[in-house]
Structure formats: C-alpha cells, structure tokens
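Chains X and G, in that order, are what the protein sequence lines are.
With the first sequence counted from 1, adding 5 to any position gets you the numbering used here.
With the second sequence counted from 1, adding 2 to any position gets you the numbering used here.
Be aware that a few hints might be false.
Unchecked claim - Just the calculated beta-carbon pair ranges, DEER-fashion:
#1 X:98 / G:196: 12 to 22 Å
#2 G:220 / X:14: 39 to 49 Å
#3 G:179 / X:255: 43 to 53 Å
#4 X:255 / G:340: 30 to 40 Å
#5 X:98 / G:7: 39 to 49 Å
#6 G:216 / X:156: 21 to 31 Å
#7 G:205 / X:198: 55 to 65 Å
#8 G:223 / X:234: 35 to 45 Å
Calculated directly from the structure, the hints in this document are not laboratory data.
We treat Cβ as the ideally placed atom computed from N, Cα and C, and that holds for glycine.
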Amino acid sequence: MLERNDLAIKKIFSRPKSLRDMQTHYCAGCGHGITHRLVAEVVDELEIRERVIAVAPVGCAVVAYDYWDFDCSEAAHGRALAVATAMKRLRPQNIVFTYQGDGDLAAIGTNETIHAANRGENLTVIFINNAVYGMTGGQMAPTTLIGQRTTTTPKGRQEKIHGWPLRISEMLAQLPGVKYIERVSLHTPSEVLKAKQAIKQAFKNQIDEVGFSLVEILSPCPTYWEMSPPEALEWIKQVMVKEFPLGKIK
Amino acid sequence: MMTKRILMTGNEAIAEGAIQAGCRFYAGYPITPQNELTAYMARRMLQVKGIFIQAESELSAINMVFGAAAVGERAMTSSSSPGMSLKQEGISYLAGAELPAVIVNIMRGGPGLGNIAPSQSDYFQATRGGGHGDYRCIVLAPSCVQEAYNFMGVAFDLADRYRIPVIVLGDGMLGQMMEPMVIHSLNRKAKGIEKPWALTGCQARKPNVIKSFYLKEGDLEKFNLKLQKKYRLIQQKEACYEGLFLDDAKTILVAYGTMARIAKNVLYKLREKKKKIGLVRPITLWPFPKGIFQQLSVQRKRLVALVIEMSYGQMLEDVKLCTDGKIKVEFCGRAGGGIPTEREIIKKIATL
C-alpha cells in the first residue's frame, strides 16, 4: 500500500496555526481577513505564538480575538497603545502588538498613539487605513480623501470644511522614538507579499528590541466605498496611493 | 518587616500603602491636590523595580492600568475630581472586563474646573458606577493618614478577590495633611490570589481573552446577571462602618472621611454635656452599610439622623433610602471649598 510520502505530494499551503478555523464576519473584499492572516503567518514563522499578546481595537476588527489563536485583549476606542504600553513594560518577555483602524489610531486615539511612539515603546503596530469608519456605517475618517463621499461628507470631503487627509505615519516618522514605519497596500498579490514582509520586520524589530515599529496598510472597504471588490483594489492603485504613497517612511 | 512610626501626608501614605500591598504598576497625570502621591510613586517604583509612567492624560493612565491589570499585575492610578471624570471610560471597561485595579480620588471642589479645596462632591460618581453601564466599584473612605495607608492593602485584596475596580475616596485635606502613622507590612494575601485569566502568552494553555464586548443576543444580559450576582455577594459580605454610642443615642451623626473627624469632635463635646449623640461613619461607601441604618430605624423610631457632608447631600440619599422614611433624616453640608464647622454642626443639632 502506498504511503502518503511515496506520492511526492507535499502540503505547501495551509491555515496558519495562529488563525482559528472559522468564518470571519468581514464583508466580501475587505482587507481585514487578509491582514489577520498575514499577522498569523508572521507569528507562526517567527515562532512567537506562545509569547504574543494582541490588543484589538474598537472598529470592524473588534473581535479579532475570535480569529487569532493566541492571547488577546480588548481596548477602549483609541486606547490600544496605552493598554499595550503597560503590558510590554511589565512583561518585556512577551511580544505585544496593537491592531488598529484609522479612526481608532488617528482620530480618537491620536494622543495615545503619539505619546506611545514618542516614549519609544518597544511595540508593534498594525495600522489599517481604509479611509472610512466601517463598523459604524461609513462615516468620514481622518484619512478620508478629498472629494470622497461618506455618510458624513455627503458632498465629498472638502478641505475648507473637513480639513485634509491625515498622514499620521509621516507625522510619527518625525519622532526620535519611532524606529520603523512602512506603508504597504493589499491591492495586488505582490503588494500583499510586501505587506507581509513589512509586518514581519515590525515584529522582528520588537524581538530585537529595536523600538516602536508601525506598518500602515492601505486596505479595501468595498462596502463603504460603494464599489465591487475589484473596483476597490483598482481605486487603491489609482487614487489612494497618490495621497498615501507606498514604501518605507522611516 | 519592622514597624516604624513616621510623619507622612495622606497622599504619601496611600502611595506607600500601595507599595506595601504589592502594587508594582502606577500610571498618573498631574492634578492638584494629589501630586505628592504621583511624585512618591515615581521615586518608590524605582526602588522596588516596579513600573511608573507619567501618562499623557488621565484617559491614558487608566487605560495603562487596564493593560497592567490584564497581564495580572497589581496596578493603580490616582487623580482628583476633574481627572476622575476622564477616567470613567476606563473604569467602565475595567468593570466590564472584570479586571482588578485600584483608583484613588483625592476629591476637590467642582463642578467643572472648580477649585483645589477639599470636597466630597464625587460621592455619586464613585458609588453609582460613574461611567456607562450597570456596574459598581467598591468604594473605601479613609478618615486619617493611618487608615489611608491601611486601606490600600484592603483595596488590592478586594480588587483581586472580586475582580473589580476599587476606589479609595479621600479629599484634599486628607491628601495634604501630615499625621504620625505606623508603617507595617500589608502584603498579607497578595501571593494567595491566582490569576489564571491573565494574559501572559498562551504557553501550555489555551489562549486567554480579556474583553467586555458581548454582541450575540442574550450574552450581554447573561454577563450582566453574573455581575449583579457578584455585586449582591459584595453587599452581603463587605459592608463596613464605625459606630459610636449607638446604644443610647437619640441623635446620630452620619459622616465619612475627613468630615467624620469633625463630626467626632462635635460628638465628644456634646457627650461632655450629657447630650445623647452617636455616630455612624460608613467606611465602605459602596457597598453602603445599610444594615445598621435599617436596624436603628426599626428599633428606635424617635431617632434623628443628621447627615454631614462636604457636598449638598449626596450620601444623604443613601441614608434616606436605608431608613425608608421610618426616622427623621436631617442634613448639614457645604461644598465648593466650604467645610461644615463644629459650631455650625452644633447649631444645627440644637434645632433638631
């Protein structure tokens, strides 16, 4: 009888150990599912699953702790980096990361974000920028583009009324405590691979005690962009990257 | 550890009490009249190899405490009234995630920015939950520097035992005044309480999750009923008060914290004149020691209770609830920096 090994078939792709075997609640074409998986793959590859503590945001990814198979905490809206600061200071042997959306990290939590970065906390930040509030139904985010229509900018975002899209990664890059910031995107498979490399770098930095590391991920929200999933990816490529250029910022 | 008698402010005594109780994480933001506490912690945490962080806001400080509690450390923050308003979000989350923590409020005059004079105007905020949702915090009210020190051990033990935020409620006078006190070890039960729920990395166990979010229909109601059960247990077991001359008193003074000391002076002065005055000093403001009030109001219909506060009648409502109209309840109070004096109280008693 043939043994499995005799067949010369090798399993080369499977669900990461750090990701639970379940359906997510995310909409079709959403970037959260991809990013959750990338984080889980990186955690597996770096063999840190048993050391990781994740801090989930308030926003669409609020139940990320249902999908990841490692220790997780909730944080109040915007406060993830305050929560994570205390965890990492008390337990430097753990790998602590926050996963936050644009409203969480760059609007209600701007203060916590800037000061954790400025203290140079040895943390990893996964920052999802989809230019809109998803969980609450598509309101203007700090990162909403000029002209972009949302439920609270029915005529599109206008500079004079709403101000400009906030490039918080560029702002944070000014701080001496910040050691690594890269902006990546999910709009093609090759960009997804680059995103994974950046996430890996941000985790490696924490392991090597380099300091505050943040990866900003341009992520599609077809539902509140009122687009099909392929159109949403095209919109990132054609429009969003002009306001939020990809690449290493620091 | 050797006991020694020293002179300390209430703020410093609270901080040292926390250290002796095994607190190894403090985050705070400057606000008068509790700054000595923060400064003391900055020095002491270095010595005991704990973590001190001056946070960028009270919001951040309480959320740092949330993170510290989530990884299983004894953690605290302190503030004064306007800062406590900012901390309410985090306290609600601590209650919802059932995390133990200690929060000190050295009350000052309000509302708004108010002033920096002593006050007891945050009684409602402390005893009713303060933030959103159906929750309670245990509230302890020390009335002297020695108690301020001692109660920190009690506060951390209660927080750990019930997985609940505990508020230590003092006022600017208690925080600022110096009194002789005895330092002794408070680390009685610190090591006995296991925290298998803490986030420490999922080595050799299933992953832990700390959360207060229950979206599925029915789940949040179930969780709330569990909280209510815990609160009933605390009400049965942890209510605490000091009673003086309750056997023969015809008038009982009801006061807590610093105010109770002024009330006690009144009591002893009038006792010298053979007046039958007694005193109830609630030590836990939540759970409120309602048993003694129920007992007195059933046994002695002609008793008069005089509630004395540095507020316009906040604890008064609890006394009225417990006595349920069975005895007369009168009030003497000032706030916004005003403190009822012995003379004013004696004058009020003469009118009863």
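So which hints don't hold here, by number, going up?
Failing hints, ascending: 4 and 7.
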